[in-house]
Amino acid sequence: QYRSNSMISERVKELERIGFESKPDEASWWKRLNELEEYKREHGHCNVPRGYKENPQLANWVDFQRRTYRSNKLSSERVK
187 QYRSNSMISE
197 RVKELERIGF
207 ESKPDEASWW
217 KRLNELEEYK
227 REHGHCNVPR
237 GYKENPQLAN
247 WVDFQRRTYR
257 SNKLSSERVK
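Position one of the sequence shown corresponds to residue 187 (the working numbering), numbered consecutively onward.
Just so you know, not all the hints are guaranteed correct.
[Stated by the list, open to error] Label-pair distances were calculated between CB atoms; the ranges are: (1) N220 to I194: 29 to 37 Å; (2) S195 to E224: 30 to 38 Å; (3) E224 to R197: 33 to 41 Å; (4) K217 to N191: 26 to 34 Å; (5) R236 to P210: 18 to 26 Å; (6) R253 to N191: 37 to 45 Å; (7) G230 to E196: 45 to 53 Å; (8) E240 to W216: 17 to 25 Å; (9) V198 to E221: 25 to 33 Å; (10) S192 to N220: 30 to 38 Å; (11) S192 to H231: 46 to 54 Å; (12) N233 to E200: 38 to 46 Å.
It should be emphasised that the hints constitute simulated quantities derived from the structure, not laboratory data. By construction, the Cβ of each residue, glycine as well, lies at the ideal position given by its N, Cα and C atoms.
Given only the sequences and the hints, what does the whole structure look like? Please build it.
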């Protein structure tokens, strides 16, 4: 069925208006990066312990980023 570009554009605008994330993995990555920056401000380093009870999702994310980095699979735009 044919759909006009204006109809699709209108739907995209409505989704964006309500905060729909078209790339949830990307949004999640940036959220965790912000949490890591906050952790560094509070603790002076980025060595989040694996069993960090205050934010286990951050601990898992940091561990995953390190493993990905070591295997040379972390994209260059995410390595600084």
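Hint numbers not upheld by this structure, sorted from lowest to highest: Going through the list in order, the structure violates no hint and respects every one.
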